[in-house]
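Got chain A; can you put chain B on it based on the hints?
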Amino acid sequence: MPMADAVTTPTTTPHQTHGEPIVEARGIGKSFGELEVLSDIDFRLEPSEVVCVIGPSGSGKSTLLRCLAFLEPYDHGSVYIDGQLLGYEERGGMRVRARESRVDAVRAPVGMVFQHFHLWPHRTALENVTEALRLVNGLSRRDAEAEGMAMLERVGLAERAGHFPESLSGGQKQRVAIARALAMQPRVMFFDEPTSALDPELVGEVLDVMKQLAHDGMTMAIVTHEMGFAAKVADRVVFMDQGRIIESGPPETLFRTPRSERLQQFLNTWRERHID
Amino acid sequence: MFDLALLWETRELILQGLWNTVWICFLGCLVAVSLGLVLAALRLSSPRLFGYPVACYVELCRGTPLLVLLFLLYYGGPSIGLLLDAEIAGVTGIGLYGAGYFAEIYRGGFKSIPKGQLEAARMLGISPWHALTRIQIPQMLRLIVPPGTNQLIILVKESALISIISVDDLTKNATTIVNQTFNVIEPYLAVALLYWMIIELIARGGYALEKRLANRQPRHVVRQGESAHAHG
Numbered sequence: 001m002p003m004a005d006a007v008t009t010p011t012t013t014p015h016q017t018h019g020e021p022i023v024e025a026r027g028i029g030k031s032f033g034e035l036e037v038l039s040d041i042d043f044r045l046e047p048s049e050v051v052c053v054i055g056p057s058g059s060g061k062s063t064l065l066r067c068l069a070f071l072e073p074y075d076h077g078s079v080y081i082d083g084q085l086l087g088y089e090e091r092g093g094m095r096v097r098a099r100e101s102r103v104d105a106v107r108a109p110v111g112m113v114f115q116h117f118h119l120w121p122h123r124t125a126l127e128n129v130t131e132a133l134r135l136v137n138g139l140s141r142r143d144a145e146a147e148g149m150a151m152l153e154r155v156g157l158a159e160r161a162g163h164f165p166e167s168l169s170g171g172q173k174q175r176v177a178i179a180r181a182l183a184m185q186p187r188v189m190f191f192d193e194p195t196s197a198l199d200p201e202l203v204g205e206v207l208d209v210m211k212q213l214a215h216d217g218m219t220m221a222i223v224t225h226e227m228g229f230a231a232k233v234a235d236r237v238v239f240m241d242q243g244r245i246i247e248s249g250p251p252e253t254l255f256r257t258p259r260s261e262r263l264q265q266f267l268n269t270w271r272e273r274h275i276d
Numbered sequence: 001m002f003d004l005a006l007l008w009e010t011r012e013l014i015l016q017g018l019w020n021t022v023w024i025c026f027l028g029c030l031v032a033v034s035l036g037l038v039l040a041a042l043r044l045s046s047p048r049l050f051g052y053p054v055a056c057y058v059e060l061c062r063g064t065p066l067l068v069l070l071f072l073l074y075y076g077g078p079s080i081g082l083l084l085d086a087e088i089a090g091v092t093g094i095g096l097y098g099a100g101y102f103a104e105i106y107r108g109g110f111k112s113i114p115k116g117q118l119e120a121a122r123m124l125g126i127s128p129w130h131a132l133t134r135i136q137i138p139q140m141l142r143l144i145v146p147p148g149t150n151q152l153i154i155l156v157k158e159s160a161l162i163s164i165i166s167v168d169d170l171t172k173n174a175t176t177i178v179n180q181t182f183n184v185i186e187p188y189l190a191v192a193l194l195y196w197m198i199i200e201l202i203a204r205g206g207y208a209l210e211k212r213l214a215n216r217q218p219r220h221v222v223r224q225g226e227s228a229h230a231h232g
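Each protein sequence line maps, in turn, to chains A and B. Numbers 1 to 276, taken from UniProt numbering, label the letters of the first sequence in order. Numbers 1 to 232, taken from UniProt numbering, label the letters of the second sequence in order.
Looking at chain A on its own, in the form it has when it is part of the complex:
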């Protein structure tokens, strides 16, 4: 797959305009009590860009994604979605927490997929997808179901529409979760370790859906341990350790010629475990 070429020649996405990031974080920091989990992070996500965030456990990569979605409020710095400040408002020169409705409005372009799927177990696969279409977008049941079926078809699960999550495999659950997020027509998708909770043989089907999304030009930020996937699909890889971004660049550069010692160690540990 020549996907890695997309770093410098994003020819698959003719509408792409450089310089206007969909997501931008400037100097964000976050602490849980005494523990500083993010410090001074700068992060940009351009339209149609696919960025994979890698790093050891506890490096802050999931927290970064959650702060970018304001599921965790960040303490310092700023996050902008489509140029709009997320989570806070300037009022009389002071920064105050934005109302929930304002937060919802600013992050509307963001779709999120979680490690543990977080499907609603009392709703069928189709209902999981149609719920927000009906409650938020005000679609009629009929329209929402047509739209929901289209999304399930997109992830290859149309025939499972009437199943409850408990009767789906982990991979199927995650694909339903992706369909649920796609139904709201996000401009950017965040994936928080989307395959980490899956049995190894189910990882592929989820990664395939994500590859297709990347191919279709979706802007994506993916926290992952799947190095092979990152190497093939990412335009840029970000390596984090101890709450900081250590290195960032095209996968071929980062994986072949890591500059920092910590990334070298991290890659060596990974290779030792995976190449036998």
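Among the clues, some could well be false.
As the list claims (entries may be wrong) - Short, incomplete list of chain B residues facing chain A, as computed with Cβ under 8 Å:
{"#": "1", "residue": "GLY108"}
{"#": "2", "residue": "SER112"}
{"#": "3", "residue": "PRO114"}
{"#": "4", "residue": "GLN117"}
{"#": "5", "residue": "GLU119"}
{"#": "6", "residue": "ALA120"}
{"#": "7", "residue": "MET123"}
{"#": "8", "residue": "LEU124"}
{"#": "9", "residue": "GLY125"}
{"#": "10", "residue": "ILE126"}
{"#": "11", "residue": "PRO128"}
{"#": "12", "residue": "ARG134"}
{"#": "13", "residue": "ILE135"}
{"#": "14", "residue": "PRO138"}
{"#": "15", "residue": "GLN139"}
Don't read these hints as lab results, they were simulated from the structure. Every residue, glycine too, gets a C-beta built ideally from N, C-alpha and C.
Showing chain B alone in chain A's frame:
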């Protein structure tokens, strides 16, 4: 010998007791179930303002006997200007006491829904109100039916204590019959059976509700052809 004729002669007292037990329990449980939900919602609501007072209330209910609460309401009430009929004191006592337990049952139900489900809802733009009514409450109901049924049963049984504050309930009227006729076995056995009947009804209602909530089948599945038609 078991004297059935005695029960027939005293049927009016027994039926009156049954009626009083039923309506007082019904209203008391209604207060417990609804006030409990309000307390749980207050305790879990995001401004932590109500958390501590509600927690204290729950501990008070669990830490004191219902009988003491009934004494306070009925005998202690007048000294602070609270004059309650014995029946109303019974309803109030059962309601306030049960609410503490129900608050905990609801809280447990809410807490056992993974936080991530709500995060998923927030990320889709679903409002907190819709998240509560469409995602949390339907799942919570399923979880609380068994412990809730159990708690209702306990409240009905404990309602026998209202006989001590002079309510003419099943237990008190049985005692009255015993005192008048010097037959102990028949009246108490009869009311035991009646309590059992009430409780059996609650238990069966609980099972039915549990089944109904658990066995929900998908009501609708869009046919393949339909969706293919809509989207080529």
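Outcome of the hint check:
Taking 8 Å as the C-beta contact cut-off toward chain A, the hint placing B/GLY108 at the interface is violated, the least distance being around 17 Å. The closest approach between the C-beta of B/SER112 and any C-beta of chain A is roughly 12 Å, which is over the 8 Å cut-off, so the hint fails. For the restraint placing B/PRO114 at the interface with chain A, the shortest Cβ-Cβ distance is roughly 7 Å, inside the 8 Å limit, so the hint holds. With 8 Å as the threshold, the beta carbon of B/GLN117 comes within range of chain A, its nearest partner Cβ sitting at about 5 Å, so the hint holds.
Of the supplied interface hints, the one on B/GLU119 holds, with its beta-carbon coming within about 5 Å of a beta-carbon of chain A, less than 8 Å. At about 4 Å, the closest approach between the beta carbon of B/ALA120 and any beta carbon in chain A falls short of 8 Å, and the interface hint on this residue holds. Against a cut-off of 8 Å between C-beta atoms, the interface hint on B/MET123 holds, since the closest Cβ of chain A lies about 4 Å away. Restraint check, B/LEU124 versus chain A: the minimum CB separation of about 4 Å is within 8 Å; hint holds.
Annotation: B/GLY125 was flagged as interfacial toward chain A, and the flag holds, the nearest CB pair being 4 Å apart, inside 8 Å. The interface hint given for B/ILE126 holds, since its Cβ lies 5 Å from the closest Cβ of chain A, which is under the 8 Å cut-off. The closest approach between the C-beta of B/PRO128 and any C-beta of chain A is roughly 7 Å, which is under the 8 Å cut-off, so the hint is satisfied. Because the beta carbon of B/ARG134 sits about 7 Å from the nearest beta carbon in chain A, less than 8 Å, this interface hint is met.
Residue-level restraint check for B/ILE135 holds (minimum Cβ-Cβ distance to chain A is 6 Å; threshold 8 Å). With its C-beta approaching chain A no nearer than about 5 Å, B/PRO138 sits inside the 8 Å limit, and its interface hint holds. Taken as an interface hint, B/GLN139 checks out: its beta carbon lies about 5 Å from the nearest beta carbon of chain A, inside 8 Å.
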